[in-house]
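Chemist: Next come the chains, spelled out residue by residue.
4 protein chains.
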Amino acid sequence: MNVVEACRTLAREGLVKGSQGNASERIGAVMLIKPSGASCAQTKFACSVLLQDGDVREKCTPSTDAPAHRALYNAIPEIKGVVHTHSPYATAWASAGWAIPCVTTGQSDAFGGDIPISGFCEIGGEEIGREIVRMWEHDQRRTAFLIRGHGVFTIGRTLDAAVKSAVMVEHCAHVTWLAQQMRGLYRLAQVEIDANYKRYHENYGQHGTSE
Amino acid sequence: MNVVEACRTLAREGLVKGSQGNASERIGAVMLIKPSGASCAQTKFACSVLLQDGDVREKCTPSTDAPAHRALYNAIPEIKGVVHTHSPYATAWASAGWAIPCVTTGQSDAFGGDIPISGFCEIGGEEIGREIVRMWEHDQRRTAFLIRGHGVFTIGRTLDAAVKSAVMVEHCAHVTWLAQQMRGLYRLAQVEIDANYKRYHENYGQHGTSE
Amino acid sequence: MNVVEACRTLAREGLVKGSQGNASERIGAVMLIKPSGASCAQTKFACSVLLQDGDVREKCTPSTDAPAHRALYNAIPEIKGVVHTHSPYATAWASAGWAIPCVTTGQSDAFGGDIPISGFCEIGGEEIGREIVRMWEHDQRRTAFLIRGHGVFTIGRTLDAAVKSAVMVEHCAHVTWLAQQMRGLYRLAQVEIDANYKRYHENYGQHGTSE
Amino acid sequence: MNVVEACRTLAREGLVKGSQGNASERIGAVMLIKPSGASCAQTKFACSVLLQDGDVREKCTPSTDAPAHRALYNAIPEIKGVVHTHSPYATAWASAGWAIPCVTTGQSDAFGGDIPISGFCEIGGEEIGREIVRMWEHDQRRTAFLIRGHGVFTIGRTLDAAVKSAVMVEHCAHVTWLAQQMRGLYRLAQVEIDANYKRYHENYGQHGTSE
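Chains as they are written, first to last, in the working numbering: chain A, 7 to 217; chain B, 7 to 217; chain C, 7 to 217; chain D, 7 to 217.
Derived by calculation from the structure, the hints in this document are not laboratory data.
Don't take each hint at face value.
[What the hints assert, rightly or not] Cross-link-like lysine-lysine pairs, in silico, DSSO-like; alpha carbons within 27 Å at most: (1) Lys65(D) x Lys86(D); (2) Lys204(B) x Lys65(A); (3) Lys65(B) x Lys204(C); (4) Lys204(D) x Lys65(C); (5) Lys65(D) x Lys204(A).
Use the sequences and the hints to build the structure in full.
Modeler: Below, the structure written as structure tokens:
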């Protein structure tokens with residue numbers, strides 16, 4: 007899917023409201039990203055931004071989060087897609103200041119462990135990007151990140167993968183919130199988490215890939 | 007959008023049930039408002055009411071809340087739209103008697119602080135309108151207001167903006183309720199809230215406006 | 007709307023799952039009611055049952071709850087519609103054994119007070135009907151009733167009104183559950199509840215009626 | 007319905023996200039099952055697997071859970087359909103490590119008692135199947151089973167019945183979670199549960215069957 011389709015998927019899945027959220031895709035030396043202020047549900051085009059210097063290629067104001075997206079593409083060569091949402095359950099964990107502990111085989115499969123949380127970041131610059139890179143360097147299997155008091159970013163080897171991670175992190179945030187309310191948070195053993203992650207990423211799908 | 011489209015949007019977004027809720031638009035010396043008893047999802051026309059004296063322009067019984075809407079238009083010259091819902095999370099905060107604290111950058115962007123709550127108001131007269139004006143005078147950035155034991159009113163420079171605020175206040179009420187249940191309500195620093203509000207209202211969108 | 011349309015509305019509004027729930031309408035000496043085992047979402051016809059002796063008018067097995075519906079029509083001459091759902095929030099109150107306290111003006115408008123709860127009833131006979139009649143006799147404004155450990159019944163002067171009550175009782179159950187979780191249940195004063203109920207039922211809508 | 011229709015129903019009902027979940031159907035000596043990695047919402051075909059030795063009949067990688075499904079068909083001759091989901095409420099109970107207690111007549115009707123929970127199982131082999139058989143042998147009315155820290159499996163005499171159980175177990179998990187949050191879990195008396203189950207499975211529907 008392209009950036010416009012990704013934005014509309016985020017809206018249809020209930021992960022963004024109003025003009026919240028955005029998606030971008032790296033194509034060569036450029037990233038395409040949602041225009042600033044556009045509603046994800048009604049976006050009609052994407053802005054083109056040079057990754058090297060952040061110059062905009064045409065008359066189009068890119069998302070406020072463009073510097074954060076750009077920092078991610080420049081720091082992590084293998085990613086092609088970045089997604090940002092304020093999906094309710096994940097944003098609640100981010101507001102309460104908790105990482106989402108890995109209590110299900112589903113989260114093990116998709117994320118290989120807890121969903122980490124950053125410190126509070128200023129919006130509009132590269133700080134969000136730098137915080138995500140720091141969390142990613144700690145464990146390079148990570149593709150979803152909570153931003154404290156703000157929301158979620160996901161990254162992917164494709165834009166489809168980043169969108170799928172945005173859907174899955176909200177699902178995990180939902181189930182884990184429900185279990186937390188029951189006073190029933192039991193983190194799976196890391197050895198079980200790792201076995202599930204490995205199975206899901208190496209022996210899954212029609213071509214040995216989960217994407 | 008016009009009043010009929012606004013009402014249908016409120017129903018489609020799950021912010022009203024049955025004949026709950028209403029929307030109005032100021033056009034010159036008149037306001038158009040949902041008829042009394044009409045279901046938002048099925049409204050077909052709007053009633054026309056003179057702002058000066060409240061006279062109805064045609065054979066049509068306007069919403070019970072018409073005096074409250076009229077009081078708002080008469081007290082706050084810059085608004086063109088008013089929306090009222092009983093959206094579930096916001097109404098729960100209103101019933102429990104709490105303002106919604108500002109714990110996310112999203113609420114900072116949209117509302118610039120807490121969502122305030124009124125005292126209990128009689129329905130059908132101007133009391134709701136007067137209470138909202140009192141809360142708005144305290145901080146004129148405010149566009150969403152809880153009415154204790156009742157629901158939500160939003161105001162906007164356009165009807166579209168008032169509808170957007172009604173969507174966003176329910177989103178904020180949802181996320182903040184979830185965080186409150188985790189015993190994790192951390193109000194953002196006012197300096198951060200103000201910086202986000204300023205960025206969102208001055209440097210956002212394709213024409214420097216979030217609306 | 008007729009019985010088939012009512013059943014489909016219940017499914018579309020998320021008030022019933024699978025073959026749960028049913029609706030009936032009194033037409034003269036007969037009631038039409040959902041067939042036993044039919045999914046509300048896919049019901050295609052209604053069974054015809056004589057109110058006097060419960061005889062079925064054609065080859066059709068009526069809903070297990072037919073004796074309860076019949077008992078209601080025979081005891082309360084002014085009702086024309088009865089609806090039964092297992093909507094999640096109302097059923098949670100019914101399972102926990104609580105009446106739903108009236109904490110909002112919305113519940114005041116629609117129901118004029120708390121939503122009462124019965125004792126545990128055997129299914130398939132008239133016991134559910136008798137319990138509802140007992141609760142209704144206590145306050146004849148009541149149109150929605152929790153059945154302990156089971157679900158909800160609503161009654162109406164029309165089938166449309168009974169369906170609307172089924173939608174509204176779930177809305178009230180939802181908002182009130184959210185407020186209860188915040189330790190914020192404040193029952194409105196009965197004088198306020200009565201004023202709202204009176205306004206809603208006497209001075210509302212295009213013809214002075216809320217239905 | 008066939009396997010493809012079953013998978014799409016699970017997605018439409020909100021019981022699975024992304025490539026989670028699967029469904030299978032026994033047809034003679036073969037089972038048809040969702041391909042590995044396929045999204046339930048977009049599955050287009052099913053893989054064919056021999057029940058006797060697990061050989062795949064064509065170029066198609068079956069779901070990782072195929073050995074668990076196969077173990078169920080081989081141990082329980084009367085079942086024709088198996089469904090697996092990660093539906094949020096049921097998965098929360100499974101993560102918290104609780105069986106779902108039977109607190110409603112609806113759960114009595116559909117399941118005849120509590121929804122049992124297994125120990126933690128390795129994914130990809132027969133362990134999940136063996137655990138379910140063990141729970142089923144304890145009470146052969148059981149058609150839904152929580153897998154600890156993982157999700158839900160349901161079985162049915164038809165694939166339609168297994169899909170219906172997957173819908174109903176999430177409904178029961180939802181209502182019971184809500185009641186648990188109110189500190190209001192009251193298990194029904196087993197004699198009431200048994201009476202409801204018997205009525206629902208022997209005297210219900212147009213042909214004396216609930217399916």
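Chemist: Could you run down the list of hints and mark each one as holding or not?
Modeler: Evaluation of the provided hints:
Proposed proximity of lysine 65(D) and lysine 86(D) is supported: the alpha carbons are some 24 Å apart, at most 27 Å. Between lysine 204(B) and lysine 65(A) the alpha-carbon distance is near 23 Å, which keeps this suggested pair within the 27 Å criterion. The straight-line distance between the Cα atoms of lysine 65(B) and lysine 204(C) is roughly 23 Å, inside the 27 Å bound, and the hint therefore holds. Taking the CA atoms of lysine 204(D) and lysine 65(C), the gap is near 23 Å; set against the 27 Å cutoff, the hint holds.
Only pairs whose Cα atoms come within 27 Å are accepted, and lysine 65(D) paired with lysine 204(A) is accepted, the gap being roughly 23 Å.
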